[in-house]
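Go ahead and model the full structure; you've got the sequences and the hints to work with.
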Amino acid sequence: MKLLVIAVVLMVTNLVSIEAAPAEGDGTMSGYSADVSPPSIDDKQNCHKTVTVSGPGISDKLEEDCDMDSYVIAGSNSLLVGGRIYSDKPNQLVVVKDGKCELRTYKNGAYQSSSEMSSQDCDNVKKAFSDAKDQADHGNLDGQGDHGHWDGQGGSCDNVKKA
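Heads up: the sequence shown at position 96 corresponds to 95 in numbering that gives the first Met the number 0, and the numbers run straight through without jumps.
Don't take each hint at face value.
[Said to hold, decoys possible] Computed spacing ranges between beta-carbons, pair by pair:
#	residue 1	residue 2	range
1	S117	D42	28 to 38 Å
2	G98	D133	19 to 29 Å
3	K125	T104	29 to 39 Å
To be clear, the hints were calculated from the coordinates, so they are not data collected in a lab.
Don't be surprised by glycine CBs; every beta carbon is placed ideally from N, CA and C.
So, in structure tokens, the structure goes:
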């Protein structure tokens, strides 16, 4: 699976927001965007981040563990969030957790169903993660990659107040 990324990399410990450039002419968004909330603790004392994703045929909010990195690589053709959430096809989002890949499908932006991907397809998604990180690392918009080091920010609920 070849991944083409026109990417912006943003590593923060707080709110992350990146959007692809509007399409020519009509001002509508043609690419992907994602927001990652700061870590918070719910009523059951679980630490989580809320990831809001939008893109071609996708509009969703996902609750992820605080150990997920908060970086976003978003472009007109693909999205990678924290090394766990990936999309390069309309109406499909892949969530990687515990070594397994869940394929989430959408219709008119709304979640429809989930299924576990085969190990081979999951390996292809993980390869696409690596390719996206590498390409973004060496091709930041300012032309200054950090030569192979990936230091996306994880999250911790140490000293985080209950939501």
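These are the hints, each one checked on the structure:
no. : hint                      : result
1   : S117 <-> D42: 28 to 38 Å  : 37 Å, holds
2   : G98 <-> D133: 19 to 29 Å  : 21 Å, holds
3   : K125 <-> T104: 29 to 39 Å : 20 Å, violated
Violation of the numbered hints given earlier is confined to hint 3; every other hint is satisfied by the structure.
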